[in-house]
Amino acid sequence: MIREYIDSGILETYVMGVASDQEVKELMRMKAKYPEIKEALKELELDMERIADHMAITPPPSTWNKIEQEINDLIVRPETDPEQFTQRENFSSKQNGNQYIEVESESSHMRIHKNWKWVFAAVFVLGKIFLGCAIYFYLENRQAQENINELKTEIRQLKK
Amino acid sequence: METQLQTSDIIQNPGRYVQELYNQYAAKLLGHIFEVVKNMNIAEQYLIAVFKDVPNELNELSKSEVNSFCYLQAMARKKLTNFFESVNDCAVADQVPATANPNNKYVGMMTLEQQLVFCGVYWHGKTITKLAAELDKTEETIKRVLKECFTTIRNSSR
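Respectively, the protein sequence lines represent chains P and F. If you count the first sequence from 1, you need to add 432 to reach my numbering. If you count the second sequence from 1, you need to add 3 to reach my numbering.
These are computed hints drawn from the structure, not numbers from a lab. Check each hint, because a few of them may be wrong.
[To be verified] Mimicking PhoX-like on lysine-lysine, the simulated pairs with C-alpha atoms at most 25 Å apart in a straight line are:
#, chain 1, residue 1, chain 2, residue 2
1, P, 474, F, 41
2, P, 457, F, 133
3, P, 457, F, 82
4, F, 66, F, 108
5, P, 498, F, 108
6, F, 41, F, 108
7, F, 66, P, 470
8, F, 82, F, 41
9, P, 474, P, 463
10, P, 457, F, 41
11, P, 549, P, 560
12, P, 474, F, 108
13, P, 498, F, 41
14, F, 133, F, 82
15, F, 41, F, 140
16, F, 66, P, 465
17, P, 498, F, 55
18, F, 41, F, 55
19, P, 560, P, 546
20, P, 463, F, 108
Bear in mind that the values here come from a model prediction, so they are computed numbers and not experimental data.
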């Protein structure tokens with residue numbers, strides 16, 4: 433029965449890609465059940481490779497680059513856990529050499545020490561005090577000028 | 004003939020897997036496609052289209068029981084469906100298979116009937132039903148002839 437099935441040409445129809453859905457289903461069932469069919473199918477698949485190998489044409493070198501470019505746009509990078517920071521052995525061992533790596537940063541921001549916030553706060557408060565003092569002395573000065581002018585006027589009237 | 008990569012390798016590095024497949028099968032596949040379309044630029048475009056789809060087929064291709072080349076060839080055949088419909092038919096009336104490449108030693112060793120069946124299926128994407136109708140034979144006969152084709156191929160490669 434298995435020999436008959438193999439000889440029917442159904443396996444060849446399958447490897448050539450022209451078997452019907454029903455034939456494929458049946459073949460898969462038979463393949464799982466009978467190792468002879470599995471073996472025969474494997475042989476036929478190798479035959480298919482052999483035929484193709486005989487007619488093979490090496491693609492132009494640029495073909496893979498085109499494929500790679502398209503695939504890279506499609507492939508989603510697998511998620512990976514962020515690596516925990518550990519002091520690198522080779523980094524700490526370079527005590528005698530240059531410990532800093534020259535990096536040309538593209539960011540427009542800069543990082544500074546936290547202590548600078550107290551300096552900025554003090555500068556801000558002092559700025560406010562100076563501003564208040566300036567306004568106070570300006571008004572005082574204006575008042576004094578007005579008093580002087582009034583006194584001058586009174587002296588002129590007394591002289592007359 | 005085939006070196007299967009581990010499934011985990013494929014998932015972790017699909018790009019490398021596609022390249023592996025390309026290195027192994029691109030030449031064979033291009034040769035097959037070229038025999039169908041008879042134009043190197045078009046054949047290359049089809050080849051690119053096939054390998055571009057490989058990342059979507061990783062689940063199937065990574066199965067150990069799947070022959071990668073046959074699967075890739077099936078993908079190519081699917082893409083060539085429209086081309087099969089538009090291309091000139093085998094010259095059955097003249098009893099000379101138009102696609103029977105004289106350089107193909109396997110096809111050259113087949114009988115005329117075997118050539119018509121093999122070329123019809125392999126390079127023209129014809130179904131068994133269509134070939135049976137064209138050659139005025141039963142489907143069983145066509146399948147049997149197809150089997151004979153493979154026997155010829157196997158014998159001539161020994």
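Checked hints:
no.: 1; hint: P:474 - F:41; result: violated (30 Å)
no.: 2; hint: P:457 - F:133; result: holds (21 Å)
no.: 3; hint: P:457 - F:82; result: holds (23 Å)
no.: 4; hint: F:66 - F:108; result: violated (33 Å)
no.: 5; hint: P:498 - F:108; result: violated (33 Å)
no.: 6; hint: F:41 - F:108; result: holds (19 Å)
no.: 7; hint: F:66 - P:470; result: holds (15 Å)
no.: 8; hint: F:82 - F:41; result: holds (15 Å)
no.: 9; hint: P:474 - P:463; result: holds (11 Å)
no.: 10; hint: P:457 - F:41; result: violated (34 Å)
no.: 11; hint: P:549 - P:560; result: holds (17 Å)
no.: 12; hint: P:474 - F:108; result: holds (22 Å)
no.: 13; hint: P:498 - F:41; result: holds (21 Å)
no.: 14; hint: F:133 - F:82; result: holds (20 Å)
no.: 15; hint: F:41 - F:140; result: violated (29 Å)
no.: 16; hint: F:66 - P:465; result: holds (18 Å)
no.: 17; hint: P:498 - F:55; result: holds (9 Å)
no.: 18; hint: F:41 - F:55; result: holds (21 Å)
no.: 19; hint: P:560 - P:546; result: holds (22 Å)
no.: 20; hint: P:463 - F:108; result: violated (31 Å)
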